[in-house]
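Visitor: Sequences listed follow chains C and Z, in order. Per this note's numbering, residue 25 is the first one in the first sequence, and the count goes up by one each step. Per this note's numbering, residue 25 is the first one in the second sequence, and the count goes up by one each step.
If you're looking for bench data, these hints aren't it; they were derived computationally from the structure. Ideal Cβ positions, reconstructed from N, Cα and C, are used throughout, including at glycine. Each hint should be verified, as a subset may be incorrect.
To give a feel for the contact side, a few chain Z residues facing chain C, derived at Cβ under 10 Å [as the list claims (entries may be wrong)]:
(1) Gln147
(2) Gly297
(3) Thr324
There are 2 protein chains.
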Amino acid sequence: MSATTPSAPPHATRGDCLAADAADPLRGFRDRFLLPDGVVYLDGNSLGALPAGAEERAREVVAEEWGRGLIRSWNTAGWFDLPGRLGDKLASLLGGNPGEAVVTDTTSLNLFKALAAAIRIQQRDRPGRRVIVSERDNFPTDVYIAEGIADFLNSVAEETGTRYEVRLVDASLSLRDALAPGDAAVVSLSHVNYRTGSMWDMDAVTAQAHDAGALMVWDLAHSAGAVPVDLNGADADFAVGCTYKYLNGGPGSPAFIWVHARHQDRFWQPLAGWWSHAAPFAMAESYRPAGDIRRFLCGTQPVTSLALVETGLDITLEADQAALRAKSLALTDLFVRLVEQRCAAHPLELVTPREHARRGSHVSFRHPEGYAVMSALIARGVIGDYREPEVLRFGVTPLYTGYADVWDAVEALRDILDSRAWDAPEHRERNAVT
Amino acid sequence: MSATTPSAPPHATRGDCLAADAADPLRGFRDRFLLPDGVVYLDGNSLGALPAGAEERAREVVAEEWGRGLIRSWNTAGWFDLPGRLGDKLASLLGGNPGEAVVTDTTSLNLFKALAAAIRIQQRDRPGRRVIVSERDNFPTDVYIAEGIADFLNSVAEETGTRYEVRLVDASLSLRDALAPGDAAVVSLSHVNYRTGSMWDMDAVTAQAHDAGALMVWDLAHSAGAVPVDLNGADADFAVGCTYKYLNGGPGSPAFIWVHARHQDRFWQPLAGWWSHAAPFAMAESYRPAGDIRRFLCGTQPVTSLALVETGLDITLEADQAALRAKSLALTDLFVRLVEQRCAAHPLELVTPREHARRGSHVSFRHPEGYAVMSALIARGVIGDYREPEVLRFGVTPLYTGYADVWDAVEALRDILDSRAWDAPEHRERNAVT
Numbered sequence: 025m026s027a028t029t030p031s032a033p034p035h036a037t038r039g040d041c042l043a044a045d046a047a048d049p050l051r052g053f054r055d056r057f058l059l060p061d062g063v064v065y066l067d068g069n070s071l072g073a074l075p076a077g078a079e080e081r082a083r084e085v086v087a088e089e090w091g092r093g094l095i096r097s098w099n100t101a102g103w104f105d106l107p108g109r110l111g112d113k114l115a116s117l118l119g120g121n122p123g124e125a126v127v128t129d130t131t132s133l134n135l136f137k138a139l140a141a142a143i144r145i146q147q148r149d150r151p152g153r154r155v156i157v158s159e160r161d162n163f164p165t166d167v168y169i170a171e172g173i174a175d176f177l178n179s180v181a182e183e184t185g186t187r188y189e190v191r192l193v194d195a196s197l198s199l200r201d202a203l204a205p206g207d208a209a210v211v212s213l214s215h216v217n218y219r220t221g222s223m224w225d226m227d228a229v230t231a232q233a234h235d236a237g238a239l240m241v242w243d244l245a246h247s248a249g250a251v252p253v254d255l256n257g258a259d260a261d262f263a264v265g266c267t268y269k270y271l272n273g274g275p276g277s278p279a280f281i282w283v284h285a286r287h288q289d290r291f292w293q294p295l296a297g298w299w300s301h302a303a304p305f306a307m308a309e310s311y312r313p314a315g316d317i318r319r320f321l322c323g324t325q326p327v328t329s330l331a332l333v334e335t336g337l338d339i340t341l342e343a344d345q346a347a348l349r350a351k352s353l354a355l356t357d358l359f360v361r362l363v364e365q366r367c368a369a370h371p372l373e374l375v376t377p378r379e380h381a382r383r384g385s386h387v388s389f390r391h392p393e394g395y396a397v398m399s400a401l402i403a404r405g406v407i408g409d410y411r412e413p414e415v416l417r418f419g420v421t422p423l424y425t426g427y428a429d430v431w432d433a434v435e436a437l438r439d440i441l442d443s444r445a446w447d448a449p450e451h452r453e454r455n456a457v458t
Numbered sequence: 025m026s027a028t029t030p031s032a033p034p035h036a037t038r039g040d041c042l043a044a045d046a047a048d049p050l051r052g053f054r055d056r057f058l059l060p061d062g063v064v065y066l067d068g069n070s071l072g073a074l075p076a077g078a079e080e081r082a083r084e085v086v087a088e089e090w091g092r093g094l095i096r097s098w099n100t101a102g103w104f105d106l107p108g109r110l111g112d113k114l115a116s117l118l119g120g121n122p123g124e125a126v127v128t129d130t131t132s133l134n135l136f137k138a139l140a141a142a143i144r145i146q147q148r149d150r151p152g153r154r155v156i157v158s159e160r161d162n163f164p165t166d167v168y169i170a171e172g173i174a175d176f177l178n179s180v181a182e183e184t185g186t187r188y189e190v191r192l193v194d195a196s197l198s199l200r201d202a203l204a205p206g207d208a209a210v211v212s213l214s215h216v217n218y219r220t221g222s223m224w225d226m227d228a229v230t231a232q233a234h235d236a237g238a239l240m241v242w243d244l245a246h247s248a249g250a251v252p253v254d255l256n257g258a259d260a261d262f263a264v265g266c267t268y269k270y271l272n273g274g275p276g277s278p279a280f281i282w283v284h285a286r287h288q289d290r291f292w293q294p295l296a297g298w299w300s301h302a303a304p305f306a307m308a309e310s311y312r313p314a315g316d317i318r319r320f321l322c323g324t325q326p327v328t329s330l331a332l333v334e335t336g337l338d339i340t341l342e343a344d345q346a347a348l349r350a351k352s353l354a355l356t357d358l359f360v361r362l363v364e365q366r367c368a369a370h371p372l373e374l375v376t377p378r379e380h381a382r383r384g385s386h387v388s389f390r391h392p393e394g395y396a397v398m399s400a401l402i403a404r405g406v407i408g409d410y411r412e413p414e415v416l417r418f419g420v421t422p423l424y425t426g427y428a429d430v431w432d433a434v435e436a437l438r439d440i441l442d443s444r445a446w447d448a449p450e451h452r453e454r455n456a457v458t
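Please build the complete structure, drawing on both the sequences and the hints.
Guide: The following block contains the structure:
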């Protein structure tokens, strides 16, 4: 551990942390979630906690809307309007306008729609641009989806000698250099990195992409509900993200796509299912896309999972977003400082930026035995998660994470490291999902 | 009404129908579903009824697996394995083998994967084939998805002078004629037509497609759980379908895709999300597709809706499939006969084939005021649905539909037609979803 704090910090004891919780203006939101006893939950960046109202909402959807309303509920319970209604709420959180977002499908699929639409637009506006710029450290599905599009188009393009290409920014290639050839159709980045928690400057990077003639797609999976986002302020073109992390929508709850109004009626996105048709129930013989954000829908949505999105989303919308951000930074600051004070004897390497403007809502440390250390933490009820390679992730969700949670988590970490409790067969054995 | 029955039929009175229900060997399955009082539900072909165990399963997923298990439930509650586990069960119902199906995403998206994979295979096996054959009367999304693929590939192919094409079989073009030029890459048909209830001969049509050098994709949306299907027996290549109709999986519950083992490891499907990666949690830098059916997954699934699929599916798997088919045909025969006897004075035109081998599990009639007639029926608690143009659909689900239900539905229809109860403003006004 390389750094120590220069002066006596706030929250230097567990009592200080409890006092900070008691004084927290957001403290009331914790009671809106049902967290199990004996658990410090620091994995809301992977799956958010259960809102208190979600069980009743699920019962209502299943027993009343499905069971009693049956097919009529597409109208009477508003199922048909859910993607747009939830999209409007989400847009209001992300600096978007009503009619600019829908909640539907998965982040991977919505990214496919966004990248494909961007490519179609550029085929017209700036022909010959066939490069999708992303980053090597992006969440894997973001790179894979770009590769899937390139592979599919190249199956035809090869005959012409032209090829679509995925160009990855990494240690050897800066974004500036990746854009320099002037052949980028679209830049696709995760606003907050899933592993390191580092955050791009959305305004500056969007402007940089536009200056290079590229369209900009943001993946907000680790941003929505976690950090301030202003999509229209940044003049972004497309954004996607999920609702099951900081928005507490439930396991695998449907994702979202936001499309700037200027792009909504320009080109088909290839996943041209009937929900994206201008008149879905006219049963028309050929495709005519909706002129609005509905063009980015595809097929019938999983209503039970979709309806549960609203329970979590509404809680986030009640909170003051600046207060959430301030508390998130205070919690991650505290986490870093306590680890550096109390675990200084151990080979933990902070991989999350210290600078507030470059940090999302989780902190990550590398440790050579990261997997086993996280397994030992989880066995003690401190739930973070592990990501290859060697990275321990700890997410804070300011709606329900408290200062004492951070204290307790770092104490458990310290004890596990000091006692080498991680060095046991049951902690080294890998599960399918980590 | 053109035809009358030649001799005294069975079930000529409501008492006969009640007796048939009492003697029905499948009658016990009706108690496994919670149907509201005062409703005759004949729309299981659009949204199946609520299984008795679904509310408790939803509570368990939300309160226990999500609320208490939190992120751990991906392992401990088997969430990660759900698409494959449910796919294996579904395959057993459809003449498939374990490892040939997954439950995931929507029918539209799975059709995109199947058509795209078929095109990629043919690019290698039979280059130059660029035609997707479908039918004009197919469910619209099936045609739109094919158009979406063609549009996307043509955005590149135009430069070479080659074009992908969607060719629709209709009154002016037989399937034989559509295949005659020898340029079809893939044939994509709905096994049972959503509107008319007519059913293709899967064995014969699949052989016809193969003889013409095309791959065969079946949409089983109105077949799975409704009529016998033997995908491997027919030597089909791909199949897709939904779980929220006859399989009673809940509103918008995730769909399925079945892929013959010979095609699973050949080419990428373009929706190359991380769940289709050979090692999803290795977070590898580039895409390497799974060598098995997981290649047809994409992103994280809506677990609550997905888990509910199992409740309905398990009930269907308990039933004798031949008995279900026999009862389905007896019910649709009865429906047709009663309408022809009791509504003969009215301009109802049967659009469903009389021949058993060509009929699915619903019956449809055209009526010039079809929308208003169905609205009046629904107001009386007889729930079928309406499809453009002028078509009244009545689905029977032999797990829970009884003979007396059919009697009561036809009596309501007769009374509404005799009394012109449909001729009222509230029945003529259109809703978003019909």
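Visitor: Let's test the interface hint: is any C-beta of chain C closer than 10 Å to that of Gln147 of chain Z?
Guide: holds, 5 Å
Visitor: Tell me if Gly297 of chain Z is really an interface residue toward chain C, meaning its C-beta lies closer than 10 Å to one of theirs.
Guide: Since the shortest Cβ distance to chain C is 3 Å, the answer is holds.
Visitor: Just to be careful: measuring from the Cβ of Thr324 of chain Z to every Cβ in chain C, is the smallest value less than 10 Å?
Guide: holds, 5 Å
In summary, this structure violates none of the numbered hints.
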